[in-house]
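Letter by letter, the chains look like this.
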Amino acid sequence: MRLGVDIGGTFTDLVMQDPATGRLFNEKVLTTPDDPSRGVLTGIASILHKTGTPPVAVDHVIHGTTLVANALIERKGVRTALITTKGFRDVLQIGREWRYDTYDLMIAAVEPLVPRHLRFEADERIGHDGRIVGPLDEAALAPVIAAIEAAGVEAVAVCLLHAFQNPAHERRIKAILTERLPGRTIAISSEVMPEIGEYERASTTVANAYVQPIFDRYIRRLAQGIREQGIARDLFLMQSDGGTVHQSTAAEFPIRLVQSGPAGGVQATALIGRLTDEPNILCFDMGGTTAKAALIEGHAPTRTTDFEVARIYRFKKGSGLPLKVPVIDMIEIGAGGGSIARINRMGLIQVGPDSASAVPGPACYGQGGADPTVTDADLVLGFLDADSFLGGEMRLDAAAARRAIAEKIAGPLGLDVVEAAWGIHETVNESMAQAASIHTLEKGLRPDDFVMAPIGGAGPVHACAVARKMGMRRVICPAGAGVASAFGFLAAPMAFEFVRASVTELAALDLDGLRAMRDALEAQGRDLLRGSGLDEAAFGTGFGCAMRYVGQGFPVELGVPDALLDAGDRNALLAAFEDAYRALYGRIEEGMAAEVVSWRVVVTGPYPDLRPTPAPEGTGGAEAARKGSRQVWDGTAGRFVEAPVYDRYRLVAGSEAPGPAIVEERESTLVVPSDARIRVDALGNLIVDLDAAAGGDAG
Amino acid sequence: MSPPLSPIRLGILWQRLTGLMDEVAQTFVRTSFSVVVRENWDLTCSFLDAEGRQFAQSSRSVPSFIGTMPRTLAGMLRRFPKETLEPGDVLISNDSWLGTGHLNDITMMQPVFRHGALIGYLGGTFHTVDIGGAPRPDARDSYEEGLTIPVAKIKRRGVENADVIAFIEANVREPEETLGDIRAQFSAYDIAAARLLRMLDEEGIDDLTAVTSEILDRSERSMREMIAAIPDGEFSDEVTADGFDHPLTIRCTIRKRGSALEVDYTGTAEQIDRPVNSPLNFTYAYSVYALKCALDPVAPNNDGSLRPITVTAPEGCLLNPRRPAPVWGRHLSGHYLPFVIYRTLAQVIPDKIAAESGSPLWNVYFKGTDRKGGKFVRMFFMNGGHGARPALDGPACLSFPSNVANTPIEEFENTTPLLVREKALIPDSGGAGRFRGGEGQRLSFESVTDDPVTFVIRHERVQFPPGGLLGGQPGRCGRDLVNGAVIPAKTVQTLRRGDVVTFETPGGGGMYAPSDRDPQALSRDIASGLVSAEAAAAAGYPLLERTDDQ
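Heads up: the sequence lines are chains A and B, in that order. Read left to right, the first sequence gives residues 1 to 699 (the working numbering). Read left to right, the second sequence gives residues 1 to 550 (the working numbering).
Warning: the hint list may mix true and false statements.
To be verified - Simulated crosslink set (DSS-like; lysine-lysine; CA at most 30 Å straight-line):
1. A:K174 - A:K76
2. B:K352 - A:K86
3. B:K372 - A:K316
4. A:K317 - B:K367
5. A:K28 - A:K76
6. A:K174 - A:K50
7. B:K352 - A:K317
8. A:K86 - A:K174
9. A:K86 - A:K50
10. B:K352 - A:K408
Stated by the list, open to error - Far from chain A, some chain B residues (derived; all Cβ distances over 12 Å):
11. W14
12. A50
13. G88
14. D89
15. R156
16. R157
17. A260
18. Q347
19. V348
20. A405
21. V486
Worth flagging that the hints you see were computed from the coordinates, not collected in a lab. Given the structure is predicted, the values throughout are model-derived calculations rather than measurements. Beta carbons: idealized from backbone N, C-alpha and C, even for Gly.
Can you make the complete structure from the sequences, with help from the hints?
Structure below.
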């Protein structure tokens with residue numbers, strides 16, 4: 001048995017798979033914020049009990065958590081000190097010196113996690129090429145250590161200039177601190193993230209140290225609890241880049257788990273892509289307060305090492321703590337079901353970035369919210385149903401929704417309520433389409449090469465409209481979107497990635513050295529995977545590099561086939577780079593020298609054989625699953641049309657239906673527009689073809 | 001014709017057009033060859049409508065470029081009237097009086113055609129570190145400051161104009177970088193133009209000018225409402241710049257009547273034959289930017305929102321010099337304008353302004369021989385402390401009124417034979433106040449090469465510190481030193497191996513009386529080491545009881 005566990009804000013989701021039969025089981029229990037491990041253990045006990053599974057039958061527990069992100073957002077990490085190269089302790093506070101909003105004179109500075117009186121310096125210096133310019137003065141560390149001890153610090157981060165080129169001084173300081181300050185967490189930048197850029201690297205190292213003791217305590221408690229339940233297995237955790245790692249690695253570098261849950265959601269949609277043979281997927285995750293988008297290209301989520309957590313100003317870049325960690329490249333904007341619609345100073349509708357949150361929530365929740373939200377607009381437009389929201393557990397107040405929209409939007413703009421609701425719906429869709437399009441462009445990809453897979457409560461409601469705005473032709477609404485993250489934990493292969501940064505011009509590459517490096521890292525990865533008990537025959541390896549023209553700052557990532565490296569063909573490598581560059585920017589720089597910035601080796605375990613519960617078999621097509629019909633707004637026609645409502649759980653494989661249509665499941669509602677067609681595949685995925693009515697006004 | 005635009009469609013269209021500018025900027029930055037573009041984002045990408053009105057720009061833009069772009073386009077169109085433009089043309093110029101006020105900023109404009117008619121312009125302004133010539137703090141006229149590219153077509157009907165390219169290539173020190181950045185924008189414009197046309201097809205827009213007019217009118221109304229809320233009257237104040245041989249007064253009078261506002265710089269010092277003069281374009285740009293920030297920061301910035309504001313300066317003064325005045329360091333007067341405007345308005349709208357920051361922006365150019373034996377020119381930005389705000393301290397080392405990021409030390413050392421010895425906050429440099437000014441920073445560079453390294457600086461605020469407002473105290477003045485000895489702030493000097501040059505940027509001014517500072521905030525200041533106990537006593541901060549609290 002393999003067990004995936006995702007701790008969310010409200011619920012802890014569990015998904016268990018029996019590899020022998022492929023069967024899946026779900027469970028949902030309340031999250032226990034004071035000690036999240038309690039909820040997890042309760043959930044595990046419950047799912048084992050309900051399925052009659054003995055604990056010893058559990059082979060893998062794969063876990064994702066928001067613990068790291070929350071500790072940073074709420075600033076509830078431990079008291080942390082920082083040691084930098086002499087002369088640079090204020091870099092962490094100075095940051096990058098630009099204002100994240102051009103016009104707002106009142107923006108707040110992002111407070112560093114380590115206050116100035118806990119930032120110390122070491123007398124040493126390493127040059128840009130890794131040469132030691134000034135030796136480490138170990139005697140001068142004594143007063144620093146005394147001060148750290150006196151300050152009652154639990155964790156120490158060390159980030160020295162150019163340590164990513166030569167970690168000797170950081171390692172020495174770590175050894176000294178480990179000896180002199182036993183029991184403290186020590187994080188050094190050359191281990192946490194060996195990348196250029198002293199501010200971002202320091203920020204990452206500090207954040208790692210700041211959360212490490214908390215995470216370590218948590219994971220120990222959880223591991224112990226699981227053993228006490230009779231599951232004699234170590235824990236694995238989902239990292240932000242979608243790979244899974246052993247608990248010991250996670251405990252050392254918890255900062256790599258900062259996007260753990262969302263990464264699981266993306267892995268779940270990547271799996272759907274493999275099962276439906278769609279290599280390029282845009283994962284669209286729309287919840288209550290924000291929407292996220294991530295690209296899966298060639299079945300692999302696109303990744304980055306530029307990330308920001310805990311943004312303090314409208315989700316704006318620059319207003320958070322920068323982290324250089326491998327993450328699935330995801331954008332997040334303040335556009336969710338609870339986002340509030342307002343009329344801005346221009347007399348136009350603006351949605352978000354502020355949200356009505358859970359309390360008081362949208363006006364239609366009937367909890368006193370008076371501001372109109374996206375959910376209120378969706379209700380007025382017939383996309384949501386007052387009686388079947390959350391499976392009917394929460395009745396929505398349509399009159400309150402209409403009232404809020406009438407008072408705050410329709411009245412002042414001289415529109416009727418439905419027009420205004422449509423305006424809110426369209427505006428938020430446009431924001432999301434635009435953010436996702438720019439994100440796609442930043443990755444050098446074209447949105448119309450992708451299909452959309454929506455997850456999250458509000459994702460399926462808006463997916464078709466957003467996809468159309470982006471020029472996409474298909475939406476795949478996966479089964480079980482409500483537990484997508486936990487499901488995704490099971491879907492991800494075990495993987496180890498190694499990055500070696502070294503800026504070298506193409507002509508100067510040491511190809512023998514490179515081959516040796518690749519082979520050594522591959523062997524190391526294979527050892528780690530074998531240690532996790534996986535079948536070596538199914539291991540996969542990938543080798544790639546990041547290249548740019550000499551003088552540029554942003555490299556282009558490309559895969560390097562083994563044959564190319566083994567043949568030692570520099571021209572073929574240049575050609576591969578130029579192909580990738582041309583695909584991105586439409587031109588190449590003829591005659592300019594190119595250089596490699598970094599190399600990457602990935603060793604991947606086998607993809608788990610994981611299939612969602614298939615759709616029920618049966619006859620009668622979509623009609624058999626029809627539970628009624630309702631009036632929904634057709635934006636193209638500019639009027640309400642009658643749309644059939646289907647029960648997702650009763651839709652059998654092979655069912656087809658034309659839009660407009662509504663498909664309801666417990667956690668969400670799929671809105672299928674006119675001129676689109678929906679069908680159910682054998683796995684229960686809903687596939688919407690948006691240009692089904694060729695010649696129609698599908699945009 | 002198009003049906004009348006509902007506020008809903010209008011909003012959507014506008015969103016799409018502004019989003020497009022972010023896409024242009026993104027493509028440019030990612031393919032750029034210069035540190036100043038990709039690390040400092042010293043650029044703006046804009047869309048101007050068929051009438052040349054600034055309509056939308058990339059969200060991370062240099063404020064001055066937004067203000068100068070429509071004026072630059074107007075100048076370009078005087079040379080190449082609209083009728084002479086063809087699809088695939090790209091206009092270029094860096095003329096200081098047509099452009100942003102100095103030669104280092106190159107502006108390009110690509111007209112966009114649809115169904116044979118010109119529907120607007122995609123434009124960009126970016127900074128190039130070297131533009132040839134010998135710009136020096138003691139340059140006497142603009143000819144010494146480098147290559148002027150007169151208004152020219154750098155692309156004609158989609159084909160590069162080899163003559164213009166050759167002229168640029170022959171006149172700049174790093175042609176690969178400069179031309180690389182120019183060409184990076186060619187592809188950015190082409191991609192954006194295609195997307196714009198597709199967008200108009202999708203939205204069924206035949207008359208784009210009707211859309212832009214409506215947006216511009218709404219932006220204008222928004223600004224007028226904000227201006228109308230200020231009491232009518234005439235207000236005056238002044239600031240003093242260090243200048244060269246003698247200080248320079250910048251005097252500002254603001255006349256506010258109804259929903260219109262006039263900024264008049266009569267009384268400002270005469271232009272001088274040193275490169276600190278600010279051509280009127282630059283003067284205008286920083287004046288309207290300052291007012292936009294204070295009065296209507298939320299509504300987008302465009303031609304409409306600036307209509308209610310007029311900016312005048314007597315011809316021949318520092319803020320409206322005649323050709324060929326040297327203008328290379330035009331920010332040395334232009335960056336004072338937000339501060340003199342806020343000082344002037346402090347009594348009237350104290351809750352909407354900020355005290356003075358440690359700027360005009362400090363930078364340094366290093367020139368010499370790199371490790372491979374080639375020539376290098378590297379600019380390094382160093383921001384001072386931000387002025388205090390009505391309810392918030394000023395952040396340390398934050399770029400205002402410019403908005404340029406710094407260069408990471410590790411990146412800088414990779415490309416120069418210099419070792420950075422220190423980048424640290426300067427205690428007691430922020431002006432005291434109920435809300436404190438932000439700290440300046442100290443940066444030290446040591447030469448580690450046998451070849452001479454020349455550096456050029458032209459720094460302000462070494463004699464007259466950034467002022468505080470409404471009882472707040474001034475920040476600390478800046479300083480420049482070589483091997484510990486103070487040097488002139490506007491100079492060219494050479495470093496030999498082992499020489500260390502140190503720059504100390506000014507701190508921001510405080511706001512309101514120090515005696516009103518929250519004692520808890522003050523004890524945090526003292527614990528951080530950024531305010532010394534002696535300075536606290538001297539500034540008139542409230543007395544703290546001794547506690548063991550750190």
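Structure-inconsistent hints, enumerated in ascending order = The structure conflicts with hints 2, 3, 4, 6, 9, 11, 20, although it agrees with all the remaining ones.
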